[in-house]
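2 protein chains.
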Amino acid sequence: MKNPLMLMIPGPTPVPEQVLFASAKLPISHRSQAFRDLMADITANLKWLHQTQNDVLILASSGTGAMEAGIINFLSPGDRVLVGCNGKFGDRWAHVCEQFGLITSRITVPWGKPLDPEVFRQHLEADQDKQIKAVIVTHSETSTGILNDLETISRHIKAHGQALSIIDAVTSLGICPVPVDEWGLDVVVSASQKGYRMPPGLGFVCVSPQAWQAYEMARFPRFYLDLGKCRTDAATHTTPFTPPVNLFFALQVSLAMMKAEGLSSLFAHQQRLMQATRAAVRALELPLFVPDDSVASPAVTGIAPDRVAPETLRFKLQQQYGVVIAAGQDHMRGKLVRIGHLGYVCDRNILTTIAALEAALSTLDYPCQSGAGIQAAHRIFNGC
Amino acid sequence: MKNPLMLMIPGPTPVPEQVLFASAKLPISHRSQAFRDLMADITANLKWLHQTQNDVLILASSGTGAMEAGIINFLSPGDRVLVGCNGKFGDRWAHVCEQFGLITSRITVPWGKPLDPEVFRQHLEADQDKQIKAVIVTHSETSTGILNDLETISRHIKAHGQALSIIDAVTSLGICPVPVDEWGLDVVVSASQKGYRMPPGLGFVCVSPQAWQAYEMARFPRFYLDLGKCRTDAATHTTPFTPPVNLFFALQVSLAMMKAEGLSSLFAHQQRLMQATRAAVRALELPLFVPDDSVASPAVTGIAPDRVAPETLRFKLQQQYGVVIAAGQDHMRGKLVRIGHLGYVCDRNILTTIAALEAALSTLDYPCQSGAGIQAAHRIFNGC
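Residue numbers (numbering that gives the first Met the number 0), protein chains in the order written: chain A, 0 to 383; chain B, 0 to 383.
If we strip away everything but chain A, and leave its shape as in the complex, we get (with noise of 0.2 angstroms):
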């Protein structure tokens, strides 16, 4: 029998079954009232997600498109950006900022270490007149497994007073708090194949008012990822353009089963998975990536192993247990593994996969104690 395959990987994830079936009903008409009703249920439960008042808005693209649509709705060629770079995301969004010509000052850290806020204060402070239209942060790095300090970083912005925040908040909402009102985020982007328990196809835009203010005077040209015709749309609970409306039936089931579990059982649960994941990787002494808890993302640990070749370990997780761990990207392929514990992701699959990588490491003669890394999450759990 050929191994069914388990995802923990930063995306796609696991998807609850009610979700999928949901997604498989017969499309509706997206002009009719029951999409009307759909989105409107859909657009209250995506607000409490997002602890806002604010706009949230709902794009058929991936991330990168959401992500893009949160740039060039807001700025205007040749406006300066500032951009926190620690892992890959970071650096797309720069060389994405650098393709719409506007004028991009990274602060870079090496990958596996956190943005430090100082920097950002500082770059703020020395801005007297006003010249930085916004900073980009990517709050959780999935590249690496850094949680960024953006409740720190999102005051220094607030502090400058003119620069708006866009956030890549891919792999954090949903898993960790993003509470928008309270830090004040004015632009705060997300994805469906991940914290939402859903397939890929949406993306997510949520927007300040300070935000629509910036929107008024930004010119790059924009279609399709207009934002204000979103917005215009959104008032009668209806789209632009076609929207997915499978993925919306989804989405509805999701955030309802979210909803129900409530905000901070479901942080505390990330948390959890998170912890013990940790625990074990260090009981088997595997080096985490990211060694620091205090930074460490919920969503996905970076193994950095030195004793056993990283793409062997993953094939073999893969091969022989169908456990499907991710790879290092950019650089850090073939150095890295990454295990994702985001999405519909309960506590047996941690130890699924703890249990898999013991095996694996064991059939790989990586000298550790078997059973280690098991009673490590095991603790976790047990709230020990």
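For the record, the hints were derived by calculation from the structure and aren't laboratory data.
It is possible that some hints are incorrect.
No copy labels: a pair is met if it fits in one copy or bridges any two.
What the hints assert, rightly or not - Listed below are the simulated DSBU-like cross-link pairs for lysine-lysine, each with C-alpha atoms no more than 35 angstroms apart in a straight line:
1. Lys334 x Lys1
2. Lys315 x Lys334
3. Lys258 x Lys228
4. Lys228 x Lys1
5. Lys24 x Lys1
6. Lys1 x Lys46
7. Lys46 x Lys129
8. Lys87 x Lys112
9. Lys46 x Lys24
10. Lys315 x Lys87
11. Lys258 x Lys24
12. Lys258 x Lys112
13. Lys334 x Lys228
From a predicted model like this one, the values you see are computed outputs, not experimental measurements.
Given chain A's structure and the hints, the job is docking chain B onto it.
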């Protein structure tokens, strides 16, 4: 019992249950051999459907997103384009061109009339210094039910020697012949919720070698909708950004079903559905918005009722029989109803629609001979 709805609108369309069930599978990693195999299979069948050796690229977007990609990847600000406008979608593409700073000449014809290829020929022949960089044509104009004479217009574009053809085939591909290579079409755009018999969420752009040459010179900033990135990754059967893998599962099944049926059979089926619908509408003495059979779209039939209010008729059909037909768009709202007969629609669906139409008309005291519509449709289905 509340009537379950039957979609007879020009998208979203009915979808086979095999396709829906495929979309409800657990997502897979988009960086896996299983995904590459899936995408290779899909790509081969997309080329079959387009009757082409050109690239066919897949975007996570609506048809509008794909159309914008078809414009911004091959043109630069200030380029001159010719746009055929005889309905909402032609008008939209002209508007998109203007949004992006293209010098846009409209060839305008009243809604419900076909574009005149001769006017295209005159404009193109008059352009001695080859300033026209592209000609944009909506093949099947969904807002009215016109099928424009793309074969002749594209011959005139070819004769120009420089201008690219950019074709909206959203409601023609898979519904009537769009032989991309034979007609020498450069950029052909379509979307999943139409002839593909799929839920919405995917856009497609088919690109000729001549268009790729233009791509090298095109200077619009772009990232998410950059087709060059798609082409690079498509070479190894992958995508630059996370694809909606569940919609890919659905697409694989749908294309395989279509291929098993064969192109000529698909087209003949659509032709029959259109003929039966038009015969029935005529028999019921309802005015066809496009009276000329030779320019009628096989995707959608527009009716401009004169002795009954279109919105009352539409409401009645849906309220009492669950048959959903479309309203007129823009200035034709309240003046037109549109019956979609594209997607996974069979002869029975047409009979059902006509039967419901007859019943609704009789309730509304519309003077027509009861049963005449069904008989007329029946004659078409029986080849009389």
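Measure nothing new, just compare the shortest in-copy and cross-copy C-alpha distances for Lys46 and Lys129 to 35 angstroms and report within, between, both or neither. For Lys46 and Lys129, the Cα distance is within 35 angstroms only inside one copy (31 angstroms; across copies 52 angstroms).
How would you classify Lys315 and Lys87 at a CA-CA limit of 35 angstroms: within, between, both, or neither? within (26 angstroms within a copy, 55 angstroms between copies)
Lys1 and Lys46: within-copy, between-copy, both or neither at 35 angstroms Cα: Classified as between; 31 angstroms across copies, 42 angstroms inside a copy.
Is it within, between, both or neither when you check Lys228 against Lys1 at 35 angstroms Cα-Cα? between (47 angstroms within a copy, 34 angstroms between copies)
Check Lys87 against Lys112 for me: Cα-Cα at most 35 angstroms, and say if that holds within a copy, between copies, both or neither. within (13 angstroms within a copy, 52 angstroms between copies)
How would you label the pair Lys258, Lys228 (within, between, both, or neither) given a Cα cut-off of 35 angstroms? So Lys258 and Lys228 pass the 35 angstroms test inside one copy only (28 angstroms; across, 38 angstroms).
Between the shortest in-copy and the shortest cross-copy C-alpha distance, which are at most 35 angstroms for Lys334 and Lys228: within, between, both, or neither? This pair counts as between: shortest inter-copy Cα distance 25 angstroms, intra-copy 44 angstroms.
Regarding Lys24 and Lys1, is the shortest C-alpha distance of 35 angstroms or less found within a copy, between copies, in both, or in neither? both (29 angstroms within a copy, 17 angstroms between copies)
For the identical chains here, do Lys46 and Lys24 meet the 35 angstroms Cα criterion within one copy, between copies, both, or neither? For Lys46 and Lys24, the Cα distance is within 35 angstroms both inside one copy (25 angstroms) and across copies (28 angstroms).
Intra- versus inter-copy proximity for Lys1 and Lys334 (alpha-carbon distance at most 35 angstroms): within (28 angstroms within a copy, 58 angstroms between copies)
One pair to classify: Lys258 and Lys112, alpha carbons no more than 35 angstroms apart. Within, between, both, or neither? within (33 angstroms within a copy, 51 angstroms between copies)
Is the C-alpha distance from Lys258 to Lys24 at most 35 angstroms within one copy, between copies, in both cases, or in neither? both (22 angstroms within a copy, 24 angstroms between copies)
Figure legend: structure checked against the earlier numbered hints; every hint is met.
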